[in-house]
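In the order they appear, the protein sequences are chains A and B. Using our numbering, the letters of the first sequence map in sequence onto residues 1 to 161. Using our numbering, the letters of the second sequence map in sequence onto residues 162 to 280.
If you are wondering where the hints come from, they were derived from the structure by calculation, not from laboratory data. Since the model is a prediction, treat every value here as computed from it, not as a measurement. You may find that some hints are simply not true.
To be verified - Not everything, but these chain B residues come out facing chain A in the computed CB check (under 7 angstroms):
id, residue
1, A244
2, M247
3, A251
4, N259
Stated by the list, open to error - Derived EDC-like pairs: lysine to aspartate or glutamate, alpha-carbon spacing no greater than 16 angstroms straight-line:
id, chain 1, residue 1, chain 2, residue 2
5, B, K263, A, E45
6, A, K73, A, E45
7, A, K58, A, E119
8, B, K263, A, D37
No residue lacks a Cβ here, since even glycine has one placed at the ideal position from N, Cα and C.
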Amino acid sequence: MNRSLVILLGALVLGAALFGGSYFAGQRACRMTRSADDLSWLRDEFHLSDAEMARIQKLHEGYLPKCAEMCAKIAAKKSELEMALNGTTNVNPVAQQKLAELAALRAQCQAQMLQHFIEVSQTMPPEPGRRYLAEMQRLTLGFHEQTEQSMSESAGHEHHH
Amino acid sequence: MNKENINPDSGCAGGFAEASDARLGALLRESRVSPALPPRFQEGVWRRIEEAAAPVKVTGGITWLDALATLVLRPRLAMATAAVLMVAGALLGVREGNQIAKQDAQARYLAVVAPNSLR
Chain A
1 MNRSLVILLG ALVLGAALFG GSYFAGQRAC RMTRSADDLS WLRDEFHLSD AEMARIQKLH
61 EGYLPKCAEM CAKIAAKKSE LEMALNGTTN VNPVAQQKLA ELAALRAQCQ AQMLQHFIEV
121 SQTMPPEPGR RYLAEMQRLT LGFHEQTEQS MSESAGHEHH H
Chain B
162 MNKENINPDS GCAGGFAEAS DARLGALLRE SRVSPALPPR FQEGVWRRIE EAAAPVKVTG
222 GITWLDALAT LVLRPRLAMA TAAVLMVAGA LLGVREGNQI AKQDAQARYL AVVAPNSLR
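Chain A with its partners taken away, still in its complex shape:
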């Protein structure tokens, strides 16, 4: 093989290795220096002060036990629903009742969650607060909207055929 070609290929490999190594080192260093705190995203994304973060921390700590309680209730209701559906080939009245109860619990939990988001947003300055609330609604409620939209689209598609 030509000597010049070998030199150039070697330089290319070395350059790629240097670039790749620096890239991964930079990425790793950046990820390692970031705080693993649950609320770190709020502080960084909405540029909150220590005082604002302290108020949010308090709200957050007050909300978590309520959220855990609701999650436990939902999990218990889901188990009840599974038992009601176990071995049946149709949705019996008991299962229907459990479904309604589960939906009510989920709605209650979602309302509680949205209330928490509103309280947190009110702790922030107006603009970041609005942005936070919109982002949380998009992230927590948007999923259902997407699913419903995709389902209605596919249903409409089938109707046309």
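Once you've looked at the hints, dock chain B against the given chain A.
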């Protein structure tokens, strides 16, 4: 070589001296041993002179590779390129790392305040 009396002062006249010079010249030419030249010697000499005078011919396509390799091997340029690559890689990595860390942090917060069963 035959030993003969070639002394011009041996009592002879001018004609004898001239004949003696001619004989001496002939003897000298005979005594100088010159090796036989190889065949087409002169032609070979001229060919080598022409080759030496002509510019160096390099096969096309290799020239730029050689030039590039020479450029790459320059220590200053090599160091500068390595530094630029490292800085560019690190900056891009930090930027990407920031983005990933932000997404991770958001997912962590969301997992705490809005469990999957509610989303």
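Do the hints match the structure? See the list:
With its C-beta approaching chain A no nearer than about 9 angstroms, B/A244 sits outside the 7 angstroms limit, and its interface hint is violated. Interface restraint check for B/M247: the shortest CB-CB distance to chain A comes to about 4 angstroms, inside 7 angstroms, so the restraint holds. This hint holds: B/A251 has a C-beta 4 angstroms from the nearest C-beta of chain A, less than the 7 angstroms allowed. Taking 7 angstroms as the C-beta cut-off, the interface hint given for B/N259 holds, the closest approach to chain A being about 6 angstroms.
With a CA separation close to 8 angstroms, the supplied pair B/K263 and A/E45 stays within the 16 angstroms bound. A distance of roughly 32 angstroms separates the Cα atoms of A/K73 and A/E45; the hinted pair therefore is violated under the 16 angstroms criterion. Between the alpha carbons of A/K58 and A/E119 the distance comes to roughly 11 angstroms, so the proposed pair stays at or under 16 angstroms and holds. Restraint check: the Cα-Cα separation between B/K263 and A/D37 comes to about 12 angstroms, which is no more than 16 angstroms; the hinted pair holds.
Against the hints set out earlier in the document, violations occur for numbers 1, 6.
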